[in-house]
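Fit chains B, C, D and E to the known structure of chain A by using the hints.
Chain by chain, the residues run as shown.
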Amino acid sequence: MSAFDHSVKGVGAVDRVYDGSNLRVGIVHARWNDSVISALVKGAIVKLEAAGVKKENIVVETVPGSYELPYGTKTLIRQQAKNCTPLDVVLPIGVLIKGSTMHFEYIADAVSHGLMKLQFDIDLPVIFGLLTCLTEHQALQRAGLTEDGHNHGEDWGSAAVEMAIKHQNAN
Amino acid sequence: MSAFDHSVKGVGAVDRVYDGSNLRVGIVHARWNDSVISALVKGAIVKLEAAGVKKENIVVETVPGSYELPYGTKTLIRQQAKNCTPLDVVLPIGVLIKGSTMHFEYIADAVSHGLMKLQFDIDLPVIFGLLTCLTEHQALQRAGLTEDGHNHGEDWGSAAVEMAIKHQNAN
Amino acid sequence: MSAFDHSVKGVGAVDRVYDGSNLRVGIVHARWNDSVISALVKGAIVKLEAAGVKKENIVVETVPGSYELPYGTKTLIRQQAKNCTPLDVVLPIGVLIKGSTMHFEYIADAVSHGLMKLQFDIDLPVIFGLLTCLTEHQALQRAGLTEDGHNHGEDWGSAAVEMAIKHQNAN
Amino acid sequence: MSAFDHSVKGVGAVDRVYDGSNLRVGIVHARWNDSVISALVKGAIVKLEAAGVKKENIVVETVPGSYELPYGTKTLIRQQAKNCTPLDVVLPIGVLIKGSTMHFEYIADAVSHGLMKLQFDIDLPVIFGLLTCLTEHQALQRAGLTEDGHNHGEDWGSAAVEMAIKHQNAN
Amino acid sequence: MSAFDHSVKGVGAVDRVYDGSNLRVGIVHARWNDSVISALVKGAIVKLEAAGVKKENIVVETVPGSYELPYGTKTLIRQQAKNCTPLDVVLPIGVLIKGSTMHFEYIADAVSHGLMKLQFDIDLPVIFGLLTCLTEHQALQRAGLTEDGHNHGEDWGSAAVEMAIKHQNAN
Chain A
403 MSAFDHSVKG
413 VGAVDRVYDG
423 SNLRVGIVHA
433 RWNDSVISAL
443 VKGAIVKLEA
453 AGVKKENIVV
463 ETVPGSYELP
473 YGTKTLIRQQ
483 AKNCTPLDVV
493 LPIGVLIKGS
503 TMHFEYIADA
513 VSHGLMKLQF
523 DIDLPVIFGL
533 LTCLTEHQAL
543 QRAGLTEDGH
553 NHGEDWGSAA
563 VEMAIKHQNA
573 N
Chain B
403 MSAFDHSVKG
413 VGAVDRVYDG
423 SNLRVGIVHA
433 RWNDSVISAL
443 VKGAIVKLEA
453 AGVKKENIVV
463 ETVPGSYELP
473 YGTKTLIRQQ
483 AKNCTPLDVV
493 LPIGVLIKGS
503 TMHFEYIADA
513 VSHGLMKLQF
523 DIDLPVIFGL
533 LTCLTEHQAL
543 QRAGLTEDGH
553 NHGEDWGSAA
563 VEMAIKHQNA
573 N
Chain C
403 MSAFDHSVKG
413 VGAVDRVYDG
423 SNLRVGIVHA
433 RWNDSVISAL
443 VKGAIVKLEA
453 AGVKKENIVV
463 ETVPGSYELP
473 YGTKTLIRQQ
483 AKNCTPLDVV
493 LPIGVLIKGS
503 TMHFEYIADA
513 VSHGLMKLQF
523 DIDLPVIFGL
533 LTCLTEHQAL
543 QRAGLTEDGH
553 NHGEDWGSAA
563 VEMAIKHQNA
573 N
Chain D
403 MSAFDHSVKG
413 VGAVDRVYDG
423 SNLRVGIVHA
433 RWNDSVISAL
443 VKGAIVKLEA
453 AGVKKENIVV
463 ETVPGSYELP
473 YGTKTLIRQQ
483 AKNCTPLDVV
493 LPIGVLIKGS
503 TMHFEYIADA
513 VSHGLMKLQF
523 DIDLPVIFGL
533 LTCLTEHQAL
543 QRAGLTEDGH
553 NHGEDWGSAA
563 VEMAIKHQNA
573 N
Chain E
403 MSAFDHSVKG
413 VGAVDRVYDG
423 SNLRVGIVHA
433 RWNDSVISAL
443 VKGAIVKLEA
453 AGVKKENIVV
463 ETVPGSYELP
473 YGTKTLIRQQ
483 AKNCTPLDVV
493 LPIGVLIKGS
503 TMHFEYIADA
513 VSHGLMKLQF
523 DIDLPVIFGL
533 LTCLTEHQAL
543 QRAGLTEDGH
553 NHGEDWGSAA
563 VEMAIKHQNA
573 N
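If you read the protein sequences in the order shown, they are chains A, B, C, D and E.
Under the working numbering, the first residue of the first sequence carries the number 403, and numbering increases by one thereafter.
Under the working numbering, the first residue of the second sequence carries the number 403, and numbering increases by one thereafter.
Under the working numbering, the first residue of the third sequence carries the number 403, and numbering increases by one thereafter.
Under the working numbering, the first residue of the fourth sequence carries the number 403, and numbering increases by one thereafter.
Under the working numbering, the first residue of the fifth sequence carries the number 403, and numbering increases by one thereafter.
Worth flagging that the hints you see were computed from the coordinates, not collected in a lab.
Careful, some of the hints might be misleading.
Which copy is meant is left open, so a pair is good if it fits within one copy or across any two.
Stated by the list, open to error - Listed next, the in silico DMTMM-like pairs over lysine to aspartate or glutamate satisfying Cα-Cα at most 25 Å (straight line):
(1) 500 with 550
(2) 456 with 556
(3) 484 with 417
(4) 444 with 463
(5) 500 with 525
(6) 484 with 538
(7) 456 with 557
(8) 444 with 458
(9) 449 with 436
(10) 519 with 507
(11) 519 with 556
In this text the structure is predicted, and so the values were computed from the model without any measurement.
Here chain A stands alone, though its shape is the one from the complex (with noise of 0.2 Å):
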């Protein structure tokens, strides 16, 4: 990346520290595309504990595909309260790799929108952890298992932390 890439995209530096030691996270990851969702949910959760959830906060459900996620996150959501064990901020992980029907976009955009809409229904951050990629190779690098790839699970726990503590100060 050039120096005009790192002005003009990427993310910003973060605005504060976030002290996340009193925060429940509830990850929910599908089970497609299996080595690149493992990487994402390691990156997601050595972001979370560097920012001081603790493991035994940490809850992490699975669903088998991407279209599963919303309602599994409202599931998980409801099942931590349930155990007297409400979470705070839940992030969905999902990859959607272009295949040769329209299955991609359909998923794709089905989720995208039910998880945007879960937040107000459940009032709750919802962190959008879903890649949609047209080539497995693009998946491999935002997974951070290419030479040149990024983690983005590290960005998609550190936003979890982040949106979790401004809820709490809204509430």
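Below, chains B, C, D and E alone, put in the same frame as chain A:
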């Protein structure tokens, strides 16, 4: 498929064994593209039964075409509840094949969003059993009707049991 | 159409005979593309009557264009309820033909989603009678106005009776 | 336009004469693309008055751009209700012309769905007065500002009266 | 731009002068594409202050990326209401630049619809401050960072004041 494909793409191993013996499952399928639909429905039932769902607890209903799937799904759920045999999950199945007009695109889009939204309205998991194919051959492949094919109905049947159990555990 | 087409594509056999003799059916049609619309409306009525729906129980109303179909459908349902002659199902009919602007795409998309959503808001089946054609010839074909054509209005009429009966059985 | 065009395309004859003399109509227009918008607004008013709507019962308000149309429409409806001069129908008018970014697509899509949904939220008919043009020439044509043009504002004005009367008859 | 461009395209003259001296305005901006975002935020503030909005009544908050804008906007509104300093309008600002995956399209679509819907849920005007650019150069232009550029943030600032006043007048 290469070894690479297996590691990056494809359904990951299921997270644990699910016991479907106490579940009631609804299948609502469109009647367009009958031979493909039949194979998908059969594939789903095979996996439902393999997970322990009893034959008498699988209800199959039809609607004319894929646009009717969301409302038809709601109708079946209500009809079963009225009969005091409530469902735990529903699997709508339809096959759309690209034709010369834009019918395919608008139906596929409305149905994908309709089924996604339905889950939250009725508070039950709904599995996405809609094939959105550009050719008839793609549909046959995904119904396991070609030599290199795989019956997606099987994946949907397994997903239905898993999502139903996860939903029950949260309620 | 080849034999193959018949087995893969096309409406499957209806699951059973539906008796429409106690149903009241609303048709709301746009007035753009008048000759095509007229043929579609006639096709629908032929099939409604063939299923036993009485002439006096078929109400036909119009709206200017296809964008008015969702709200016009709601308006007809309410007006009939107010008159103590409630409807059991509604069939909105419109024909959109691709022009040089993007009008076609945005109308088709908003109407497809609007009609889908309407079913859940009013809790009645709404049949999708919108043709989204790239050429006028495609519209004529789908209204049965060409030699190789098939009148889609007939399919919609049959679907309306089936969905209305299924809806009644669930309530 | 050929005779064929007239039979297949184009607004069909209105179903009956509508008397707008007791209606109050709101027009909310964006201010981008001013000359085109002005012509459309004038065309709408000509047809409103031709249908008997009184000059003092036509309220015209503006918003900066097309994205503001849905919420601006709601705001005008509320403001008129607060003043005890409630509206019977609203006609939002905007003109989007494709530029080099994707601004056109995302605004057009959000506004089309926003206006559709608004009708059901406020329970009043909202006419779709949004031109979504790929070129400026297309916009001028549809505002009746070219020799071969037709002012779509006139169609919208007529549609507003019709939909308002139909809405009144149902309530 | 030619004279023609000016007459057809471009913001029309504002309908009247708006006094922002009693308004509280929230700005929520993403931190991706930092230099562009900063210029847009500054442009908005310049116009807010020019309309009389007091410096202490402009609240600026950030979120990691554009997907967080809708929920982040809701969070800021709630947090300010909790502090007894309620906002009259919010301006979310983000910049999306097309990359090699489909990330751009799904984020842009979900955010456009999310912000549109948010206005009705919270009953406050939300200005659409999202640039959806195909190149970085387009983003720089629309932030006024090129010689031929224009800072869209200025238009958004003016729109925020206008929409807030119109909203107040209706309540």
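Is it within, between, both or neither when you check residue 519 against residue 556 at 25 Å Cα-Cα?
Only inside one copy: residue 519 and residue 556 sit 24 Å apart there, 30 Å across copies, limit 25 Å.
Which holds for residue 444 with residue 458 at a C-alpha limit of 25 Å: within a copy, between copies, both or neither?
within (15 Å within a copy, 42 Å between copies)
Up to 25 Å CA-CA - residue 436 versus residue 449, copy category:
Intra 20 Å, inter 22 Å, cutoff 25 Å: intra and inter.
When no copy is named, should residue 500 and residue 525 be tagged within, between, both, or neither for a Cα gap of at most 25 Å?
neither (32 Å within a copy, 30 Å between copies)
At most 25 Å between C-alpha atoms: does residue 519 with residue 507 qualify within a copy, between copies, both, or neither?
both (18 Å within a copy, 17 Å between copies)
Is it within a copy, between copies, both, or neither that the alpha carbon of residue 484 lies no farther than 25 Å from that of residue 538?
Close neither inside one copy (38 Å) nor across copies (46 Å); limit 25 Å.
If the cut is 25 Å between Cα atoms, do residue 484 and residue 417 qualify within a copy, between copies, both or neither?
between (34 Å within a copy, 22 Å between copies)
Taking 25 Å as the upper bound on the Cα-Cα distance, should residue 500 and residue 550 be classified as within, between, both, or neither?
Both. Shortest intra-copy (21 Å) and inter-copy (19 Å) distances satisfy the 25 Å Cα cut-off.
State whether the alpha carbon distance between residue 456 and residue 557 is at most 25 Å within one copy, between copies, both, or neither.
within (18 Å within a copy, 35 Å between copies)
Are the CA atoms of residue 456 and residue 556 at most 25 Å apart within a copy, between copies, both, or neither?
Intra 16 Å, inter 38 Å, cutoff 25 Å: intra-copy only.
Up to 25 Å CA-CA - residue 463 versus residue 444, copy category:
Within. Shortest intra-copy distance 13 Å satisfies the 25 Å Cα cut-off; inter-copy 29 Å does not.
Going down the numbered hints, you'll see the structure goes against 5, 6, while the others check out.
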